[in-house]
Each structure stands twice: as C-alpha cells, then as structure tokens.
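*Asks:* In case you want the letters, here they are:
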Amino acid sequence: MKIVVLVKQVPDTAEERKLDLATGQLDREAADSVVDEINERALEAALRIKDANKGTEVVAMIMGPDDATQSLRKALSMGADSGVHIVDDSLDGADTGRTAATLAAALKATGFDVVMAGNESTDGRAGVVPAMVAEHLQLPLLGSLISAEIADDGVRGVRQGEGGTLNVRAGLPAIITVTERFPEARFPNFKGILTAKRKPVTRLSVAELGVPTGASRTVVVSTVERPPRAAGRKLIDDGTAADELAEFLVANRLV
Amino acid sequence: MSNVLALIEVSHRGEIAASARGLLAAAATLGSPVAVVVSSAPLADDDVARLGELGAARIYSAVTAAAGTVLVAPAVDALSGAVDAYGPAAVLTANSVDGREAAARLAVRVGGSVLADVVQVHSDNGTVVAQHSVFGGAYTVESMVEGGLPLLTIRQGAIEGQAPAATADVDTVSLEARTEGAAVIDQFNDDAAVSVRPELRTAATVVSGGRGLGSSENFVLVEQLADTLGAAIGASRAAVDAGYIAQTAQVGQTGVSVSPQLYIALGISGAIQHRAGMQTAKTIVAINKDEDAPIFEVADFGIVGDIFTVVPKLIEAVKARSN
Ligand SMILES: Cc1cc2nc3c(=O)[nH]c(=O)nc-3n(C[C@H](O)[C@H](O)[C@H](O)COP(=O)(O)OP(=O)(O)OC[C@H]3O[C@@H](n4cnc5c(N)ncnc54)[C@H](O)[C@@H]3O)c2cc1C
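Protein chains in written order, with full-length UniProt numbering: chain A, 1 to 255; chain B, 1 to 323.
Simulated from the structure, these hints should not be mistaken for laboratory data. Warning: the hint list may mix true and false statements.
Cut-off 35 Å, straight-line C-alpha distance, at most; resulting in silico cross-link-like pairs (DSBU-like, lysine-lysine) [as the list claims (entries may be wrong)]:
no., chain 1, residue 1, chain 2, residue 2
1, A, K2, B, K282
2, A, K50, A, K197
3, A, K234, B, K313
4, B, K289, A, K2
5, B, K313, A, K18
6, A, K18, B, K319
7, B, K319, A, K234
8, A, K50, A, K199
Distance windows between CB atoms, simulated [as the list claims (entries may be wrong)]:
no., chain 1, residue 1, chain 2, residue 2, range
9, A, E15, B, D306, 22 to 32 Å
10, B, D241, A, D243, 27 to 37 Å
11, B, D292, A, D67, 45 to 55 Å
12, B, D290, A, D243, 34 to 44 Å
13, A, R28, B, T172, 20 to 30 Å
14, B, G243, A, N189, 43 to 53 Å
15, B, D290, A, I193, 30 to 40 Å
Glycine included, C-beta positions come from ideal geometry on N, C-alpha and C.
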C-alpha cells in the first residue's frame, strides 16, 4: 500500500504570528516555520500502518518555498520513505484553489492508494484543500475523522459531525483527513535523523506538473491589526476576591 | 437583484441546522436568498415556512435517495444544479465539516474560488467582499474573488441578526443517487446529552475549564458556575485531552472561536493557542493559582487563587446578588 501524506509548513502557533499589513500575506520573518501539528498526526497514523505492515510505503508531500525542505526532512526523520517537494516561485501566495490543483497534479504523478492530510491548517484554517483535491481526482473523501482503519479493500472511520459522529467508509483509492483526536506524533530518533539525509526527495515545478501558472483568484482587499488587549485588575485572593468579582460582574451588567 | 445560494444543512433527524439563520442573513445582505436543501423526501410545509421566516425567497429542494446515506456528494450535486438554475452572485455554506467540503468540491466543479471562515459580508458595487478574523482575532482581513463564482464558508455563530421574513417559492428537483467517487455513511451516532445550556458559539456568557480542574468529577465546578450564569461550557485542549469534557467544547486555535460578552477561564494557563479562540470576548475573567499565568495578560478581571475555594464562593455571591 502506498500512502501519501500531505504536509504543510506553517508559522509556529506558539509564537506571535504576523501578517504584512501592505500585502495581507504572511510575514515569514515573524515566527519560526514548523510542520503543522495536524499533519504530523496524519503522518503518525500512516507510520503506524507501516509499523504493522512492512509492505507499506509512506511518501511525504509538501508544497512550499525552498526552506520547506526542513519540514520534509523532519517527516523523513520520523519515518517517511521518501519526499516530494513542489517548489516554484509562481506558487508564492497561492490560494486554496491553486494549491489544490497543484497538489492534485503532483499526487497523480506520484501515485497512491491513500492520501492522508490534516482536517485544517493552523494558519489558513480553511479546511478545503483536501476536498478540492478529491474533486480534481474524482475520489471519495473521508474528512475530519477521529479514528480510521485502513485496509487493502478500503478505509472506514468515524467522522466528527456537528451534532455527533458518523461511521463512514469508502473504497480505495481515497483521501482521508484527520482531526486532533488522532494520536500525537512520535519524535524522530537518532537513527531516523541520520537516515533521513539519504532518503530520496523529488522536486517538482509547476511546468513539470502541467498546471496553469495563472495567479490566484482570491485577493486580499485590506488587512487591519487589532490593538492588543490590555490587562485589567488582578487580585490575589485573600478570601474576598469572589465577592469583588461578583460586584464587578453586577456593576458591568454581566450577570 | 442577483440570487445568492445558501446551503441549508438538515440533520439526519430532519432538523434544520442552527447555521441556517446566519447563512440566510448573510445571503440577504448580498442579494436574494435561495435556500438549497437536500433531503430524501419532499420538504414538509413546516420546513418551507421556517426557511421563509428566516429569509429564503426561494427554496431549491433537491430530493434524492442518497441524502443521509452518501457523504457530502448529494449537497455538491444539488448546489451545482442550483448554480445552473439561478446563476448566483455567490454561494454560501456554513463553515461546518459538511459545509466546507461541499463548498470546496463545488469550487472545483464550477470554477469558483473559496473565501473561508467568513465572519461578515458586504457588497461593494456588486462585488462580494468577505471579512475574516485571522490569527485568533489579531487581524481583520477583507478578501474577494477576481473573476469566477465566490463561495463563502461562514463561521457559525458569527453573523448576527436575521434576514427579513419572506414567503418562499419552492422548486423541487429530483437528484440521481450517485455513489461513485463518494464515501458512504453507515451510521449516525448522536451526541448523548442534548444540552439545555446555550450553544457555545453563540452564547453571551462562556465558562471554560482547563487542566486545573484536575479530573472529570471536578469539572462539575465549571458546570455549576455555568448554570448559575446561564452560560455555555468551554474547555482548553488539555481538559479535552484529559477527557474531562467532549472535544466539541474546545475553545481555541484548533477548536471553536467564541466572542461572548463574558468569558470566564477557570484553571486555564492561557497558552497562545487557547487565547486565539477567546481573546475577542468583550470581558475576560480568569481564575488561576499561578500569578504568572499568561491568561492574566488578557483578563479584565483576574483572581490569583484556588478555583476550588473561589468558585463556590463566587456562585454564592452571584446568587445572593441576583435574589
Ligand atoms: C497546534 C496546536 C493547537 C492547539 N490548539 C489549542 C486549542 O484550540 N485550545 C486550547 O485550549 N489549547 C490548544 N493547544 C494547546 C495549548 O498549547 C495548551 O497546551 C493548552 O491550552 C493548555 O491547557 P490548560 O491551560 O488547561 O492547561 P495547563 O497549561 O496545564 O494549565 C493549567 C492551569 O491551571 C492552573 N491551576 C491548576 N490547579 C489550579 C487550581 N486549583 N486553581 C486555580 N488554577 C489552577 C495552573 O496554574 C495552570 O495555569 C494547541 C497546541 C498546539 C501545538
């Protein structure tokens, strides 16, 4: 079985992330770039299948600037067999539509039985790219799963819905996206870090994939920064703080 | 006036989703709202009346045997049929698990573009402009689509107000039940307790508990304060991971974003990912025994103290004052 895991490099959510107020684009200097945690969980799920079944091949695929190789190396050091890096200046600031069209072409070229991804990235939070890829490739999507079983005859899983969960299934090939209910990712071990350097990484350009180079069609019109919140009163409880808080809530008509 | 489609989700029990009000309100600010509904039987008169009350001028009622057995695909087929029938200026879906997948697939099918997690909409000389709240409310960004159909996923609970009521004309169409390239639904598992508490996304007051609660038994403290204040219940990811409360209560970066009048954080450190989901609240109250907890940086009223002594007293004090 061949599993391709889509990984995205994002600004670390543990730091203050910034937008460039002139362009509305991400300020890449402001925060460190990391593999989005949700993609690491997807990779972990793929690696667990590989742990249990040695015939499994796991490919990590990333679209991003040159320095996204860092994230690909991390995926390889965790245990992915090979990497695909889609890198092209014309993809700078690509919107979800362009990203999905490009990923779909790269997935077709790479081949797979299952594609695994996170349900939404922590930067864009759009949660639409895997479904767009599925539509391009005319494939079933099992999205927002809280658990999954992947076998040669298909995938089944539990999807987090709005008022409860759903048991869903599809034949292969298929695309699945995982939520945070999937287990946390393993840390790369020393051997993994050493062998990652020798694992193959394929670089693909937009021209090689044959996707149109047109600009993104969603455009940012304005970006406004909200003034930071100021801290208010802070009391050390000496037994009367609860009363003072109740007084504050009443005075501000909050109860 | 141009048509604007709104995908109205209906639960497998036949209930119109709570997101319908906001979707139709947003659609009405952009044009004439057309509710697109997928169901296995023709819409009941009650549902037609309800959608009219919420502002639907027309209803595109797609009837298919695949409703409730095939995942998302029937909604995409219905929307693309409605796009052909009405030539809309925009398509709106909830930013729900189903809504965003439907919008995404439709964008590819009809050559449109998605504007995601929209909190406000307006029309600028006929151009649809969407507003987003980015990085936990740190930025407000406006965006639009240049050429091609805009598809907007609307953040649930973000749009206030309601569209003017209308009497909806119903166009009923029957859809083929296609299953190729789609996932199948085997079973629905409803959430156990249908809560009598307000819904988290739209509640005026939210009381959230964190790892500081220490156990799921202790989490009742959060429930008691919430019930005293008529509040919804939220939680940090650590509290969810520890199993104190269901994941649907998670507030933050990867959970629900809330903007209530009052947000009370109990035993929550205030990691940046948690603050990303609640720092647009009007008033923030925090109780934490660690004086240096980052939650105090955003709290209007902070108490450095033990939740197990402060909260029971707070409940008494609030009850005493409201009598
Ligand atoms: C990609 C990513 C996404 C994330 N998304 C989210 C998200 O959506 N939401 C979210 O919440 N987190 C999220 N997190 C996790 C976040 O980083 C924190 O780990 C989490 O918010 C911590 O939860 P907590 O404050 O309950 O726990 P802790 O940080 O452990 O804090 C517990 C607090 O309770 C206090 N306390 C303990 N006992 C008492 C007592 N008796 N009385 C008073 N105070 C007490 C302690 O002083 C401490 O400050 C995310 C992390 C990552 C990496």
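*Asks:* Taking the earlier hints as the rules, which of them does this structure contradict?
*Replies:* Failing hints, ascending: 1, 4, 5, 6, 11, 12, 13 and 14.
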